[in-house]
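Engineer: All chains should be built: construct the whole structure from the sequences, respecting the hints.
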Amino acid sequence: MFKIPIYLVTGYLGSGKTTFIRQILETYAGKEKIAIIQNEFAPANVDGQDLKRHINKDFELLEINNGSVFCVCLLSGFVKSLKAFVSEHKPGLILMEASGLSDPVSIGQIFGSSELQDDVFLIGVICIIDAVNFVKMHSKMPQISHQIMIADHILINKTDLPCNLKEIDTTINKINPLAKKHYTVQSNIPCDTILGITGSIDQKAQKKYFFLQGVSNRPDIQSIVLKTSKPMKFDNLQRFIRFISGSCYRLKGTIILDNGKTISIQLVAGDYRFEEIITSSKLTELIAIGEGISVQYLKSAYNEASQA
Amino acid sequence: MNSKNLINAAFRLQKTDQIPWVPFVGSHGAKLLNIGATEYLKSEKNIFDGVSKAIELYQPDGIPVMFDLQLEAEVLGCDLIWSDDNPPAVVSHVLLQGKTLSELKIPLANEGRIQTVLNATMALRKKHPDIALYGLITGPFTLALHLLGTDIFTKMMEAPDEIIELLDFTKEVGKAMAGYYIDAGCDIIAVVDPMTSQIDPGSFEMYVTPPATEVFEYIRQKGALSSFFVCGHAQQNIEAMCQCKPDNISIDENIPLDFVKDIALKHKISFGGNIKLTVVLLMGTPEDAQLNALECIDLGGDTGFILAPGCDLPMDTPSENIIAVGEVARDKYIQDVVRAREKTEIDLALLNMKDYGNANRVIVDIITLDSESCAPCQYMVEAVKRVAPHFEGIVEWREHAIKKMEAVTFMNSLMVKNIPTICIDGKIAFVSQIPPKNELIAAIQKRINEKLKLIISSHNAELTIFGKNDNECNLTKVNVDQAIKETGKNIKVITSTDENARATYGVTQTPAIILTEHKIKSQGEIPKVEIIREWLKEL
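Chains as they are written, first to last, in the numbering used here: chain L, 1 to 308; chain R, 1 to 539.
Hints are supplied without guarantee of correctness; some may be wrong.
As the list claims (entries may be wrong) - Part of the chain L face toward chain R, derived, beta carbon under 10 Å: (1) 115; (2) 143; (3) 146; (4) 188; (5) 190; (6) 193; (7) 229; (8) 233; (9) 239; (10) 243; (11) 247; (12) 282; (13) 283; (14) 295; (15) 306.
Said to hold, decoys possible - With a straight-line cut-off of 30 Å between C-alpha atoms, the simulated DSS-like cross-links for lysine-lysine are: (16) R:99 to L:140; (17) R:268 to L:227; (18) L:83 to L:57; (19) L:299 to R:427.
In short, the hints are calculated from the structure, not lab data. Predicted model only: the values in this text are computed from it and were never measured. All C-beta atoms, glycine included, are put in the ideal place defined by N, C-alpha and C.
Structural biologist: What follows is the structure, encoded as structure tokens:
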């Protein structure tokens, strides 16, 4: 039994998520067993029909509630349907297009729940932003920043249209200086640059987990989410990272510290980076990917580091 | 104090001796009746039966009549898609389908499912006079989003006046709905506006504050209490929500409860919510639910806090989890039990290491991340492996890769903080640095010597039984053992049938007993002859 990796594709309304997914399907559908999950805040599955109409190849599609799913509490039925979906189709990879209004961390938390953790894991988060509207939208729409905060890859899309790339870069760097940025037109990007776990610091990961290299020998990998309002002692941060790097192959997200600051953190195969960021969030939100890990494990390590 | 009074007291920031508990039972009521959500939310009888069942099972102080934020949108002409596992979802937006705002009318009490829910409210009011009934209305911003779709976000920037006008309309809908619910017997009107989590405080104050403030003022005038529900990452707007002057604000797990408490109490507003919906209530165990509820209770305190889930209970939430939360809210004894259980869990997480290292062999533990993937760990394990043959049979070594939970427990129990670390018989010996071979050997040898000493000093006397044969020895030993047991002495007993050995003690008849006392006279120094002589005189 291998676990199916899920890439979460986030991005605000109209940023180009469906176009991105279409690119992936154009390249891989028919060759690889790809499945798509859509949870778009749009009139009756316009996007889903759109995909089926445009892509002439074989892929499986799961649509969630086909309407205004705006709260995680409404995603509960999703657990059941996803379980049934993967056991029926056994895809090699799933791309989930999250609603532009949804909170990606909460979705990640569902993948790591006891009911789904034997079936799937969250391998990475790809966030697409609309270069044209980003500057004026992001300060008004906190969810945009939140989506950027936990992304591995950020596609700055529609760069062929008038936009201020410098300002976009500066803004993104304040929110998530560690994600890999790509500049795209029509969400067009060579798929293999993005469907690894992350970009430059992650060669080993690319080799180990890249989905195209066969799915039969996937290790017992899990993704879990830790959300907490406890600040971590800054002095304990490095110890915490060293501690969990034994079992967490990847860790990313934000940590609130006892000195009042918030940092963005990325850990890949023992290498880690963190930088201070600017956010209104009062929560530590971490997504960890590793072998044989549990929320309990991450929580006890975190709690230990929150104490003196 | 009955349930309703308890809620009233908390809403008015009076100290309560019990924490009021409000399970947000929406389509979960359908599960209690073993029917689908569609069948449930469309029938006043089913709603009545489901809520009554929930009251019986969960013993709440307050409960919503229905949790369906699509109700007003449906009456106003939006299409819904129904599901058996969830509340319905809005799939078309009436203002995008050719209708204009001026054509929309404030819904009447007898329109569509409004009548259904009001009938259910009246029946519940009659049957449960002492329980606080919550009437839930769709908040002005969320209803506007249903009517206009996500275009609302772009229009907020491009045509703000249109949005202000739209929210003026949804405010009137909200007031009408609040009035209907109050007249039907609801005590509390909850304005549920989850979509406000999507906007910043500036937009909130511009678009949401005026209509929301007016709705809350209207509820106050009608003599009822009000609550402002939000879910998701809405921390940026909590202050602005309080400024709308509701009597209570309710949040989900995405906002820390103490953060909300501080702001709400500053504005003299009660607050509640925060029990984790999916990972705890839906997917956890009753123990998880109690623990999380207790965390909320401890943070929320006994003044102005309403214990409630973060949002509509997922339909399939196991009843035993919700029952468990109710127990913790009502019963201080159970709160203590849960606190104790939590404490035991933490205590259990540490092993008892008092006697660790008292085995005959010397135990060398290497705490690592994993010697296969961490280079320093690998060297440390190799260092131990290299010296192990010197101590074959005396020293045992093991690696504990903290990838595994039990190794983490082991590490914590030994108070090891750094990786990699070598412990000898449970004591930290080398931290992070790989010891040179001779240092490691010396450290292990030192421990072996200490142990030998310990073994000797722990048997401070020896009793030798000489017998003709084993039978004679054993018969004698029965009495010896009994005496040792009774006196509690630490005496090593030896039996011997060796005639030569017996002869050295000048013993001629059996059975015979020789008692030899060991006394440590000095250690760590060479005593002077004079001193040794004095000792010998004692004999």
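Engineer: None of the hints should be skipped; say for each whether it holds.
Structural biologist: Outcome of the hint check:
Taking 10 Å as the C-beta cut-off, the interface hint given for residue 115 of chain L holds, the closest approach to chain R being about 6 Å. At a threshold of 10 Å, the smallest CB-CB gap from residue 143 of chain L to chain R is about 5 Å, leaving the interface hint in force. Because the beta carbon of residue 146 of chain L sits about 6 Å from the nearest beta carbon in chain R, less than 10 Å, this interface hint is met. At a threshold of 10 Å, the smallest CB-CB gap from residue 188 of chain L to chain R is about 24 Å, leaving the interface hint violated.
Interface restraint check: residue 190 of chain L against chain R, minimum CB-CB distance 30 Å, threshold 10 Å, status violated. Given hint, residue 193 of chain L at the interface with chain R, is violated; its Cβ is 26 Å from that chain's nearest Cβ, farther than 10 Å. A distance limit of 10 Å between C-beta atoms decides the matter here; for residue 229 of chain L the minimum to chain R is near 3 Å, and the interface restraint holds. Hint status for residue 233 of chain L: violated, given a least beta-carbon distance of 13 Å to chain R, over 10 Å.
The beta carbon of residue 239 of chain L comes within 7 Å of a beta carbon in chain R, closer than 10 Å, and the hint placing it at the interface holds. With a least beta-carbon distance of about 7 Å to chain R, the hint placing residue 243 of chain L at the interface is held under the 10 Å criterion. The beta carbon of residue 247 of chain L is positioned within 10 Å of a beta carbon in chain R (closest approach about 4 Å), and the interface hint is therefore held. Using the Cβ-Cβ criterion of 10 Å, the hint placing residue 282 of chain L at the interface with chain R is satisfied: the shortest such distance is roughly 5 Å.
The beta carbon of residue 283 of chain L comes within 7 Å of a beta carbon in chain R, closer than 10 Å, and the hint placing it at the interface holds. Interface hint status for residue 295 of chain L: upheld, as the beta-carbon distance to the closest one in chain R is roughly 8 Å, under 10 Å. Interface restraint check for residue 306 of chain L: the shortest CB-CB distance to chain R comes to about 13 Å, outside 10 Å, so the restraint is violated. Restraint check for residue 99 of chain R and residue 140 of chain L: the C-alpha separation of about 28 Å stays at or below 30 Å, so the hint holds.
Straight-line distance between C-alpha atoms of residue 268 of chain R and residue 227 of chain L comes to about 28 Å, which keeps the hinted pair within the 30 Å bound. Taking the CA atoms of residue 83 of chain L and residue 57 of chain L, the gap is about 24 Å. The hint holds against a cut of 30 Å. Among the hinted pairs, residue 299 of chain L with residue 427 of chain R is consistent with the structure: their alpha-carbon atoms are about 26 Å apart, no more than 30 Å.
Taken one by one, the earlier hints fail for this structure at numbers 4, 5, 6, 8 and 15, listed in ascending order.
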